[in-house]
Amino acid sequence: MAGIAAVFGLCIGMAFSAFAYEDSDKSIRSVSITVSGSIEVETKIGEEQLEIHTSGNKYSFDHYEVQNAGFRWCNDDTPVIKIFLTAADGYYFRILKASQIRLNGAEYVSATREDSAYTLVVEARLPSLETQVGEIGEAKLDGGVCTWSEAVGAGAYELKFMRKGTTLGGVQVLTERRYDGSEFMTKPAGYHFMVRPINAKDAGIKGKWTDSNEVVVNEAQAKQQKEKNASTESAGTWVEENGAWRFLLPEGVFMQNGWRRVGGEWYAFDPLGQMRTGWYLEGDKWYYLDLKTGAMLKNTVTPDGYTIGIDGVMAAPEESGKTSRPGR
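In our numbering, the protein residues as written are 9 to 336.
Source of the hints: derived by calculation from the structure; they are not laboratory data. All figures in this text were calculated on a predicted structure; none of them were measured in a lab. Incorrect hints may appear among the rest.
Unchecked claim - Subject to a maximum C-alpha distance of 27 angstroms in a straight line, what follows is the list of computed DSS-like cross-link-like pairs (lysine-lysine):
1. K168 to K214
2. K172 to K195
3. K195 to K148
4. K231 to K209
5. K209 to K172
6. K209 to K52
7. K306 to K195
8. K148 to K168
9. K195 to K231
Said to hold, decoys possible - Label pairs and their calculated CB-CB ranges:
10. F79 to A243: 54 to 64 angstroms
11. Q75 to V261: 36 to 46 angstroms
12. T155 to G98: 43 to 53 angstroms
13. K236 to T174: 35 to 45 angstroms
Every residue, glycine too, gets a C-beta built ideally from N, C-alpha and C.
Assemble the whole structure, with the sequences as input and the hints as a guide.
Structure (structure tokens):
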């Protein structure tokens, strides 16, 4: 449960003269309380997993009492608890206003002193259960297919498909509890995934990461997946229209505004779906696409003398003995 320090300057309104503490006792003029833990929806009231900590050695946490009525926690509940603090021997609570109470992880409601000011009872309001999200109990990787158990309060999930600590394909945001990462298993290694829930009411609230089991891919399996990827990427048909080439995808639409790997070569397409040729600037990187075939050049020198790296990106002009960018 995320904690945000909350300090409120409201009067508590206590009759100071009503308490008969010893004249030799020393006063406690401020307290600091941190509330953490979790409350699961549909669990019984009284089964909360809350931890309450205090600072200093002049007082200590004794116990807390839930103020909500009912038998089970519901999704729209806002938990309210009373926190009981006990003064150490030789001390009493001289807490007369809310500004003397610092709360982390809960919101101040009220406070009272009991037992001749040797006990301080602080009533606090915890975040609504709507703004919380439960944990994912199990995450399983079978082949390349990721599945995981539902987290209470989640509207979506973040997933990272990983190999040796590297995230493959970026962080995925999913509404279904299934993801196929098979296409990334192209090297002999161990693979796993990590997933965490995103709160249904506030996407900025996210739960803990849950790690899956590991699946080890051997040389033969990695090669097989590479061949499958190549076959999938190449699926489609080249279509020539008025001297321009376009690539028709299996789903019946033309590839547009992006890159497509076909037959082991990379091709770039403009917003109209036409295959690009010649120099192409994407962001701050220059690429060269063969004037006849459209295939991206790599690890070579362009017809006009610029060096192209293994990734298809043009090296700095100076490395080719040039003083300017292409076309200048």
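For this session: Return the numbers of the hints above that this structure violates; sort them in rising order.
Result: 4, 5, 11, 12 and 13
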